[in-house]
Amino acid sequence: MKGAWRTIEAVIAGVVILLFAAALGSTQSIVKSSPPVHGYRALGAVYEKGMLRTYAAHMDFSAIDSEVADTGYLTGFNHTVQICGASGSCAGQVPSSDELWVSRMLLSGDETYEPLEVILYIYR
Amino acid sequence: MKGEFFLIGALLICLLLFFGLPPEIRMESTAAEDLRFFSDNLGHEIPHALNLGLNGSDPVGTLYNFTGFSISRATDLRFNMTCYWVLFMQQGNAVNVTAGNFMGSARTFEIEVDGNKKYLQVTPDGVNSTTFAVSGYTFKVIINSGGDSKEATLLTNKTSVYSFISLDRRGSTVRKEILA
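Going down the list, the protein sequences come from chains A and B. The working numbering puts the first residue of the first sequence at 1, with every later residue one more than the last. The working numbering puts the first residue of the second sequence at 1001, with every later residue one more than the last.
Source of the hints: derived by calculation from the structure; they are not laboratory data. No experiment lies behind these values; they were computed from the predicted model shown. Cβ coordinates follow ideal geometry from the N, Cα and C atoms, glycine included. A couple of the hints might just be wrong.
[Said to hold, decoys possible] If you want the footprint, here are the derived chain A segments under chain B, 3+ residues with CB under 8 Å:
1. 36-47
2. 91-98
3. 101-110
[What the hints assert, rightly or not] SDA-like cross-link-like pairs, simulated, lysine to any residue; straight-line CA separation at most 25 Å:
4. A/K49 - A/T71
5. A/K49 - B/N1051
6. B/K1158 - B/D1168
7. A/K49 - B/L1012
8. B/K1176 - B/F1069
9. B/K1176 - A/R53
10. B/K1176 - B/G1136
11. B/K1158 - B/N1096
12. B/K1176 - A/S34
13. A/K49 - B/N1055
14. A/K49 - B/T1075
15. B/K1140 - B/R1169
16. A/K49 - B/G1043
17. B/K1158 - A/T71
18. B/K1158 - A/E114
19. B/K1176 - A/V102
20. A/K49 - B/E1033
21. A/K49 - B/H1048
[Stated by the list, open to error] A few chain A positions that, by computed beta-carbon distances, are all more than 12 Å from chain B:
22. G76
23. A86
24. E117
25. Y123
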């Protein structure tokens, strides 16, 4: 009888480990499918480099997109950049895709106050 | 009795596996990650907006405008952003203290500078200011508002800002304090 209980408990222990491993696997797949997080990191890297503010002030969305690509955070994804002012006018294109993610960063201006939003579109 | 060790062992293995993961993998799975990025972004940009405002001789107006811009962007992102800031600027032998309130309701700021206490009543989306006489290169300030308290020693000849930001979205909340 004792042997049977031990067997049952051992099976339950095995199931606990398997369920945990499955949960962990799904978490890792969330990480893999969270492009906005990588997008924020890419924008943050360009920001830290000091290039985001300068390019945004000149509405140079393609230069920012190129810098984002250089960070390597979005390898395997397509991406474009849009720069929008406080009035809502934007430079750059919004891609058309069924799988589209967005990361954003606000800027207060470069040499003078001019609030801008840099929007990074990530798509497949 | 020995069979229970299997269960305890299984739980220990799960814990070891979880805490053995790199911290960033555990962190990335949290739903509030974009709120954290947004608050970090503001943590850098609010002081920058203040500097640009000082260059343009309108620090209060610039900070007010940038706060409004940030709140409108947060609304687009479906965050609820509330915020207040208290600005300290030298004015001769005094320090001008200006509070901006974007908390959604009227707020009272109890400001204490080098032991002198004053109260600033600020309407929603409004600003109010007062002055304190100061002597010396630094002054000690205590800000009490809505149950929050902040104490700091600031340089008299440097414009400083203290800001409190709260970002909420469906149960996820990120709070940030900025002192610059």
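Structure-based check of all given hints:
no. : hint              : verdict
1   : 36-47             : holds (count 5)
2   : 91-98             : violated (count 0)
3   : 101-110           : holds (count 7)
4   : A/K49 - A/T71     : 10 Å, holds
5   : A/K49 - B/N1051   : 20 Å, holds
6   : B/K1158 - B/D1168 : 32 Å, violated
7   : A/K49 - B/L1012   : 43 Å, violated
8   : B/K1176 - B/F1069 : 18 Å, holds
9   : B/K1176 - A/R53   : 23 Å, holds
10  : B/K1176 - B/G1136 : 30 Å, violated
11  : B/K1158 - B/N1096 : 12 Å, holds
12  : B/K1176 - A/S34   : 24 Å, holds
13  : A/K49 - B/N1055   : 23 Å, holds
14  : A/K49 - B/T1075   : 28 Å, violated
15  : B/K1140 - B/R1169 : 35 Å, violated
16  : A/K49 - B/G1043   : 17 Å, holds
17  : B/K1158 - A/T71   : 36 Å, violated
18  : B/K1158 - A/E114  : 23 Å, holds
19  : B/K1176 - A/V102  : 23 Å, holds
20  : A/K49 - B/E1033   : 22 Å, holds
21  : A/K49 - B/H1048   : 16 Å, holds
22  : G76               : 17 Å, holds
23  : A86               : 5 Å, violated
24  : E117              : 6 Å, violated
25  : Y123              : 17 Å, holds
Comparing the model with each earlier hint shows violations of hints 2, 6, 7, 10, 14, 15, 17, 23 and 24; every other hint is respected.
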